[in-house]
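S.K.: Each chain is listed here by its residues.
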Amino acid sequence: MTHAITPGKTRCGRFEAEAVLLLEQGRPLDEHFSSCPDCLAERTAYERLREELHSLGEEDEPPAGWQARVWEKVDRRQGRRWAPWWRRWILPIGVAGAAALAALFLVRTPATAPPGLRIGIEAGETVRRGTEAQPGDLLQLTATTGDAPHTELRVYRNDTELVLRCSTEPPCTRRGEELSASVVLDGVGRYQPLLLLSEDPLPDVASDLDTDTNAVLTSGAGVELGPRVVVR
Amino acid sequence: MLSLVHDSRELPAAVLPDPERAALAALDRGNAEEALSVLMRAYGTIVYRYCRQMVGNDDLAEEIHQMTFIQAFEGLRKFARRSSLRTWLFGIARHRCLDLAKMSHRRKRRFGPLDDAPEPPEPGTSVEERLAERSRSRALEACLHTLSPRVRAAVLLRFQQGLSYPEIARLTEEKAPALQVRVARALPLLRRCLEEKGMAP
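Quick note, the sequences are listed as chains A and B, same order.
Going by this note's numbering, the first residue of the first sequence is number 1, and it counts up by one from there.
Going by this note's numbering, the first residue of the second sequence is number 1, and it counts up by one from there.
Because the hints were derived from the structure by calculation, they are not lab data.
On the chain B side, residues computed to face chain A include the following (Cβ under 8 Å):
(1) Glu141
(2) Gln160
(3) Ala184
(4) Pro188
This one's a predicted model, so the numbers in the text were calculated from it and none came from an experiment.
We put the CB at the ideal spot given by N, CA and C, even for glycine.
Given only the sequences and the hints, what does the whole structure look like? Please build it.
M.R.: What follows is the structure in structure tokens.
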């Protein structure tokens with residue numbers, strides 16, 4: 001069997017018609033395929049195609065910081081999960097009782113706000129909302145640190161470069177339980193703000209978001225991820 | 001605001017020699033978080049590469065890649081151990097990629113195709129060989145996208161990821177012989193597509 005591939009040139013078509021499937025099925029090829037020059041050339045071409053498919057995307061790497069983002073979304077989804085039916089009744093009753101007790105207690109005790117991290121982007125006369133910014137804009141971080149004795153604000157650019165790290169020293173400013181700092185977004189990229197909270201001194205940094213987040217979690221500290229800011 | 005405080009996410013610094021066993025051991029201890037950490041470290045890159053080639057777009061690949069591991073975490077406690085965790089993960093990733101392909105198909109039917117965003121310039125394009133290699137890869141990527149999503153998934157799982165046909169059959173819930181025929185039919189199409197682009201293998 002032959003078919004035309006280019007005008008005036010033909011090749012044996014048995015390899016494509018039979019052997020490609022036989023090879024995928026792991027079955028042996030008959031004598032013809034080891035003696036027909038066209039089929040031998042075809043076989044080489046298909047082997048090369050398989051190799052190219054195997055190495056396709058070898059340079060592709062998931063973006064740094066992706067594991068931290070998976071954990072963030074896992075936590076968010078777990079927080080939103082529906083409770084079992086019986087909990088829908090038991091829980092509100094319990095919560096209402098606890099809230100009443102807490103209200104009585106809070107009348108006499110000053111409130112401790114839960115830890116959190118807010119951001120703002122300032123650009124001269126205009127303030128852009130959301131997480132889009134331009135080079136030169138100022139990223140402002142305001143964190144509520146609760147009663148954690150060791151706290152730190154960090155900002156990573158493109159998940160691999162630490163562009164802000166401070167605790168009680170400038171550019172951080174502490175007022176009671178509030179820790180704030182600002183950093184100029186001086187280049188395009190993705191900026192990831194973080195608040196770290198720990199009972200013990202925080203571990204050293206490697207300037208890589210994934211590595212540092214793992215190290216912090218391993219040490220038993222807490223991480224609050226702020227919204228990621230994209231500078232275009 | 002979200003908290004990432006989970007002691008069970010701790011992992012030893014050394015690379016785990018047998019991630020399947022380590023993840024299953026963590027599950028046996030009831031520690032799904034540690035199991036997910038092991039899976040992310042062991043299979044994060046290969047699952048991303050598969051997603052990237054399936055959807056042909058960095059942002060969508062990132063989204064589906066993360067979604068794969070989030071869904072894996074939600075299903076880990078019920079993992080039936082009928083396949084390896086790696087095969088199971090690829091099954092989740094494939095479903096998400098096919099869902100996306102369906103949505104994209106519906107959108108195109110209703111609103112027409114969107115203009116593709118221009119490709120960013122390649123960094124370090126000074127080496128000719130690297131450029132040639134890159135353009136071959138791009139051509140092959142483009143040819144893969146002429147295949148239907150199901151066929152593309154089978155070709156990638158077979159050749160890019162090196163899964164056996166029984167493994168692919170398990171995760172796609174199809175018959176291995178049907179998959180073999182599908183892939184065998186796709187290879188000549190890919191070859192001809194490359195030839196048309198002047199990139200014969």
